[in-house]
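Student: Let the hints inform the model, and build the full structure from the sequences given.
The primary structure of each chain is shown beneath.
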Amino acid sequence: MSETQLRLSAEQHYAHELAALRAEDKGPRPPNWQLSPNAVVTYLIGGKSPSGEGISAKYIGNRRLIEIAVATLATDRALLLYGVPGTAKSWVSEHLAAAISGDSSLIIQGTAGTSEEAVRYGWNYAKLLAEGPSTGALVESPLMWAMQEGKLARIEELTRMPSDVQDTLITILSEKALPVAELRMQVNAQKGFNVIATANNRDKGVNELSSALKRRFNTVVLPPPASLEEELEIVQSRAESLGRALELPNEKPALEEVRRVVTVFRELRNGLTEDGKNRLKSPSGTLSTAEAISVVSHGLSMAGYFGDGSLKADDLAAGLLGAIVKDPVQDRLVWQEYLETVVKERDGWKDIYRASRDLI
Amino acid sequence: MTEKFKHQVFGIRHHGPGSARSLKLALEALKPDCLLVEGPPEANELIPLVLDAGMNPPVALLIYAETEPQRAVYYPFVRYSPEWQALCFGASQGITTRFFDLPLSHRLVEQSPLESSELEFDGVDSHYQPSLEQDPLFYLAQAAGYSDSERWWEQLVEERLSSEGVFEAILEAMTALRQEVKEASAHEERREAFMRSEIRRALAEGFERIAVVCGAWHSPALQDLSGLKQDKATLAKLPKSKVKATWIPYTSGRLARASGYGAGIRSPGWYDHVWQYSDNALAGRWLAKVAGLLREEGIDASSAQVIEGVRLAEALAALRGRASIGLDELNEAAYALFAGGNELILELIAERLIVASELGSVTERAPATPLQLDLEKAQKSLRMAPQALEKSLELDLRKDNDLARSQLLHRLRLLDIPWGEVLPSSGKGTFKELWQLCWHPEFVLRLIEAGYYGQTIEQASSSKVKELAQGATNLAYLSQLLDDSLLANIPEASQELVAMIQLKAAQDPDLSHLVSAFPRLTHVLRYGNVRLSKDADLSTLEHVVKGLLARICVALPAAASSLNEEAASKLFSDIQNLHASVKLLEEAERADWLATLEQLASSNLVHALIKGRSVKLLLDEGQLEPAEAARQLGIALSDPEIEKAAYWLEGLLKDAGLLVAHDDELFTVLDSWFASLSPEAFVRVLPLVRRTFSTFESPERQAIGQKAKGVKGTKSQQSLSLNEVRGEKMLEHLALLLGTKGEGV
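So the sequence lines, in the order shown, correspond to chains A and B.
Just so you know, we're using the numbering used here here: the first sequence kicks off at 16 and counts up by one.
Just so you know, we're using the numbering used here here: the second sequence kicks off at 36 and counts up by one.
Take these hints with a grain of salt, some might be off.
To be verified - Subject to a maximum C-alpha distance of 30 Å in a straight line, what follows is the list of computed DSSO-like cross-link-like pairs (lysine-lysine):
#1 A:Lys296 x B:Lys277
#2 A:Lys206 x A:Lys41
#3 B:Lys434 x B:Lys415
#4 B:Lys277 x B:Lys267
#5 B:Lys764 x B:Lys689
#6 B:Lys618 x A:Lys359
#7 B:Lys434 x A:Lys229
#8 B:Lys581 x A:Lys359
#9 A:Lys341 x B:Lys467
#10 B:Lys618 x A:Lys296
#11 A:Lys296 x B:Lys467
#12 B:Lys618 x A:Lys365
#13 A:Lys41 x A:Lys229
#14 B:Lys467 x B:Lys618
#15 B:Lys581 x A:Lys365
Said to hold, decoys possible - What follows is a set of in silico ranges between Cβ atoms, one per label pair, in the way DEER data are often shown:
#16 A:Thr126 x B:Ser337: 48 to 56 Å
#17 A:Arg361 x B:Gln741: 26 to 34 Å
#18 A:Lys365 x B:Ile342: 23 to 31 Å
#19 A:Pro238 x B:Gln105: 41 to 49 Å
#20 A:Ala241 x B:Ile342: 30 to 38 Å
#21 B:Ala623 x A:Ala241: 50 to 58 Å
What the hints assert, rightly or not - Partial selection, computed: residues in chain A whose CB lies under 10 Å from chain B:
#22 Ile75
#23 Gly76
#24 Leu80
#25 Ile83
#26 Ala86
#27 Thr90
#28 Leu198
#29 Met200
#30 Arg230
#31 Asn293
#32 Arg347
If you're looking for bench data, these hints aren't it; they were derived computationally from the structure.
Note that CB positions come from ideal geometry on N, CA and C, so glycine has one too.
Tutor: Below is the structure:
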């Protein structure tokens, strides 16, 4: 692990927490697991190790979801983390792998161009030509390593892979074996092997899982943050650190403005005002927390470069419009209706109403 | 049972299948000669009815004040209520079985909070938490880390103790718990004093083995029967009123509300399952049920998934350190296995399996319900005897008696008892109503079934409407309900409906629902309804109407784009209606509406029919100069797409023949446009104009023709000049009519 490494993996970054949990973990461990299921849940949700060492929360949200995820992996079922973009799916997957296998690096990234070789195995063609089919010429995929070593393999954005490539997983998940027909052999998975896949349910044009494959996964849906305060905290701190990283000429984002952005996002996403009194239509976009962060940091840079440095309604209006109105017809109506029925009447929101009205 | 006590106390959990099972076993073992059950003694006579073939739980004991039936308490029972099992046991063994709680005749007179809160139906509250007194076992279970008290009980009973031992353990736990709670309320003290005195009475009567079944919380207090004097003092001088009792059908879905027995339950369907199947395959059976339900609904659910579901539920239970699987784990397994992120599937499972509301039935031998009595009373006082023969009845709503009759009929209709059908009345006024009356015998059954909605027709129809409103999804239905409830004069429900409409207005994706609800609401707002009570608060409704209009104004331009002919003509009449309603509103709202009309008139995407009508409406409102209207007419009719031009003209003039004949402004617009046409252009548009004009009545066309002549030249003035010879002939008759015979005119 070097000082200049841009980002540390979960098991490097939180090595001390994992070590503390492991040292005191008395619970029964499934074969090849580094921690007991209970300790894994504690690692993800945060809390204290038995001797009182603080464990930071990796996932802020419902404990039950993490319990379902861990229990799923403990029963040899593959886990599918599902949800709208920006809900910490990959983050949870990385930490689960780090806590359970001590290794979060066995990743296959799903893209439209992911080939079957990337999932199963490929060939070193120079060797293949020179020696003919042999184990030496085989290029193993991360999935294959995971099977041999009894670790967790991670598949990112499963639904972005072409369907035929997805389906190569079926045998692996049900037979727990990967045949290599060319060598007349088969790689058998060791205990502890399992797959965590992530997929998002909002992207249009994704390759829906076949029901045969779907049946082999337990699905856990990660929802957007449950409360305003929770989300506010995430947005505020992320926007601040992003601003620092990009060296924007700004001051700290005004909490009040951030609160308004988060409120707008939450209300439109939930289709309900925060006071629970008025129903709203929701736009077609996801309005994830990540997008709220980008609206705020966009507003910050507007304020920094073109304004007086402090975040104002005018700086946010354009960002809001851009984030909310993804479909020029339907979303515009939603946004307009929201402005007229909610923003217009809310005390102290006149500025944001006017700024947004002018842009439509 | 020890020598010391001739009575044994069984502390149970109301509606707990686990308690019910343990109690049944314990009673069979004890073979008591007297059974005392927590419940109102006024219902003692009704106990033998539990064995009647017509009794199918869920049912409820309804105890109500004779003079004031709105004041009432329900004691619901399901198959797995320990009390129900005790009553059935007592009745079938033929042993003395009594309710021994403090009589409700003492409670229904007090100004206790029981009056309003217990009668409200507030649906299933997922955050409902029983108080410590109501369900202490819930807290013990929570302390043990269970969110499902029944699973906790199950484990306690089936894995650790014999069923007799469990009641002793509960007694001990409750004794400890009660020491923590300082003061019991005066009411609770009275109840327990009464229960103790009833046990003493049974002992005095010479019973040897008395089984006492009561809520767990009370069990320690009923153990020790000393303190006779103090109990007498507590029970002295209690107020009294006359109460009546009967059995009514109940729904398990309503068990969630707190009433009578206090503790409500949130998952009656699951408890029923637990009651029926106590074996190890409970979880498998449940998930198989879930899979069956999903298959019925056309959702794939395989046996393999059920197997994996049971495994996941087991793993989850183990992860949480529990020895057996509860509803929580099963729900989570169903969520991961079947739902795949679809919340609707979970809702479906909750609605159809976990709550699984079923309606019970009661024997015909049960006394008449207050609702029946209330109807009889109303029929007598309004002089409307039920008859099986069809008969029509005309009501004049200005008369009090007739108005009350109309309201009664409308209320009954809301309760699904269509004793009368409204016939279209011949008179135009709103004060007349024509009914066709016919009484069917099955109405009595429906009336009994409606018993759980309330004790009077008014109250019952009101809570029924509220329940319907909760389940309603579209706005048109809600505004229909509002209309009905205004007719039935149930102001409370009307108020709630207004609130519901506000909620739903935003959700409803279908503009036509908004549009169809709007005129009705505006009308109520502007004129009030003749039937709306005078102090009704209309400000909420005003807010709703304004919000509705704002939404309509935003959505209308898009909704009017790219329509086919059918949809356009539907929207045409909608806009017509909207316009009429908006006229009843204040200036600000009207301005918004007119701005929307202008948008419609000028947008190129909007269907021509709508554009034409918008121009017409704007012209009517003086929002558009006649010259400008003429210009737009010109533009529209020179459209190369003849169809479009024809629609535009139709939109402008449809149903407006008379208007063209008599409204100078509109006429001038048309006339000046015609005058401006070149001969070629005239020939081109002639068919279009003719097509629209042919829809006018022939007298209208004549009048228009006349008018056109009149404008063209001065000749027409002459045709109106006086024909003196013919005129004089009339003078004589006129004089006769005016009674001025002989004098000049």
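Student: Give me the numbers of the hints this structure contradicts, sorted from smallest to largest.
Tutor: When the structure is compared with the hints, numbers 1, 5, 7, 9, 11, 13, 16, 17, 18, 21, 22, 23, 28, 29 turn out to be violated.
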